[in-house]
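With chain A held as given, fit chain B onto it using these hints.
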Amino acid sequence: MDIAWFVVLSAFIFCIGAAGVMTRRSPLVVLLCLELMLNAGNLALIAFSKMVGNQEGQVFALIVMVVAACEVVIGLGIIVAMYRRRVPIDVDALSELRG
Amino acid sequence: MSATSWGWLVLLFPLAGTLVISLGWRVWPGRAPGVIGSAAIGLSFVSAVLMLLELLDRPHDSRSLVDSAYTYASTGGFDADMAILVDPLSVLMCLVVSGVSFLIHVYSVAYMKSDRGYTRFFAYLNFFVFSMLLLVLAANFVILIVGWAFVGAASYLLISFWYRRRTATAAGIKAFVINVIGDVGLVIGAFLLFDATGALDYATVFEQTPRVFATNDGQLVAACLMLLVGAFAKSAQIPLHTWLPDAMEGPTPVSALIHAATMVTAGVYLIARMHPLFEQAPAAADVSAVIGATTLFVAATIALVVTDLKRVIAYSTMSQIGYMVLGVSVFAYSAGMFHLMTHAFFKALLFMGAGSVIAAMANEQSLDKMGGLRKAMPFTYVTFTIGALALAAFPLTAGFFSKDEILAYTLNRGGAYTILAVVGYVAALLTAFYAFRMVFRVFHGEPCPEARELEQGHLAHSDPVNPATGEPEDVEVGYPGPEHHIAEREWPMKAAMAPLALLALVAGFLQVPGVTDVLEKFLEPTFESSHYVHEHPSDSSEYIGLVIGAVISLAGIAVAAFVYLRRPGVTKHLAERYRGVHDFLANKWYFDELYELTVVRPFAAAGRFGRTVIESAFIQGFLVGGTVRLVQAGSSFARSIQTGELRAYAALLLMGVGGLVLYFLIVAS
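These protein sequence lines are chains A and B, in that order.
When you line the first sequence up against our numbering, it's residues 1 to 99, in that order.
When you line the second sequence up against our numbering, it's residues 1001 to 1669, in that order.
Same shape as in the complex, but just chain A (with noise of 0.2 Å):
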């Protein structure tokens, strides 16, 4: 097959990924389009190593995979405290970084 549909697969599945951060307000939902980012990455990645002929791309996906739970681990994490303290689940209000 073309490589050329799996990464407009993969740049589909970022640009919604983007959209759902961009414009969702509930940081359960920004944490979820944030792993589809990631995955659309991996499938390049696992595309474009294929195309080339080595492993370096697959275990780089490996890693990232690594990461992703990791972050997901500490963002679900996050969630769950905030939502003990009773602070609104709103990525919106949350703006106490404001310079």
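Accuracy of the hints is not assured; some may be wrong.
FRET-style restraints, in silico, Cβ to Cβ [to be verified]:
hint, chain 1, residue 1, chain 2, residue 2, range
1, B, Gly-1621, A, Arg-24, 49 to 55 Å
2, B, Thr-1627, A, Val-72, 46 to 52 Å
3, A, Arg-24, B, Phe-1618, 53 to 59 Å
I should point out that these hints are in silico values taken from the structure, not numbers from a laboratory.
Where is the CB? At the ideal position from N, CA and C, for every residue including glycine.
For chain B alone, kept in the frame of chain A given last:
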């Protein structure tokens, strides 16, 4: 021990005295600092005498010794040693400085007894003596400049001794600023000499001078004039004289020691010491002679009308130093140094007497309020009169021989110098008059209330106010103390004044024309390179000069007696009649006003301009403030990006990445 070892001891005793007194200021009980200080100077004087004896043991032609302790600065071009020069001139200066200083220290032990700054006073005074001795013993320009600057600093400290008095601190600053002008002159002069001769020690410089400089060579004249700026600032010669009358704000012993007997004569010493230079540059010496003659006349005229007792003596000091400067500038070195010595005796004596009078008057210094103290203060009266006789050059007193010797040498040069000598004789008449104006106004006439009180055994007291401005004094530091001390009641003051009175009477016999010439013989080794050392006026012309001097002196005293004893009202009448002249003199020839207009005001205006425009507007407003505003603007922009909105950050991030991708795509294609 050799003469130079004694020379080092002369220096070390006062230094040790300063350190011991100042480091132990908490420990010393009561009068101890005064005793330590006096003892240090006394030992210094003894060492100076032993140095003299050692020097006299040596053959006539090897009486100039240089001893170096260590190298002070070693550079590629020259080495400056911590070295002293012991020769007849410096030994004479050491004897005068340490001897008179010793007596003034003894006087101060009693006079300053109830001052709160007693310890500080003696620490300063010992430091001054050390600096002065360093100045006269220096064997090269570096040490000379160090001593010169130290002396100015000591003078500043002692003038502003009562540092809560605004007038005293202002006078101290004035003296310091003018002295620094002199210091700068001295440094530039030394540099010009170093530039030409490549050395800074006297011996080499003097040896090189005739070789590298033609007579009246431009650079040499410039160097000599710069040295003269130093000498004139230190010796209060016109136009750098205005600090000396104001320096009378210091305690009276300070006036006696620094501003009459020793420091102000440093300029005379400098000219005498630098005689090989001035003989090679007669133009500079002539400038100096003219300035000396001008000063001696101007100061004498001012002394006629000033009513502050200490300021009268201060102006007479200026005038007498004018004689000395005239003397050494017409190459009559021994005559100038002779007058320096006798003047130190009688002027210190006059100041001590004035101190006693001022104490009896409870710090009142105005002649207008004094009178008739003769009966109440017999000792002060006698000694003060002896001092005044010597100042007036009364026949056979010390001032008689020394002043007339200077004038005889000046006349002997002939030509235009005759005018300077005539000015000197005219001023001598004025001197005799104002000397006895003081005596008659203070001690004769109607007794003032204080004198009557003293006759009944009560010493006058006054509220602590500044006599100059009437401001209340800070009694903790800015005040001579609640008690006053007069010579009649304090033996140390008597012990200090009696020897000086004796010396003021007899010191003149060291140098009677044709009979004795002790001083000239003694100083000869120092000045043997001079072309003028054997140019004496003939004995007969000197004696004619002495007779003229005696007549002038007696005439001046007689006029003073007539004006103040027989017709007490006549001076007021004269002052009214010649209002213009009187005001002109009473305002000191308007020198202060002139400097106020030409120097102080422009400098103050420049200072204000610098403060408001350069400092406030340019540096603060533009350079510093501009930077601050730039950073502020940058940071407020950076802050405006930080909205705290997570989604905005994400959008920015994405836009950034998108921008980068676009950039690489464009570059790649």
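Now the hints, each set against the structure:
1. Gly-1621(B) with Arg-24(A): 49 to 55 Å: holds, 52 Å
2. Thr-1627(B) with Val-72(A): 46 to 52 Å: holds, 47 Å
3. Arg-24(A) with Phe-1618(B): 53 to 59 Å: The hinted range 53 to 59 Å holds for Arg-24(A) and Phe-1618(B), with Cβ atoms some 56 Å apart.
In the structure shown, no violation is registered for any of the earlier numbered hints.
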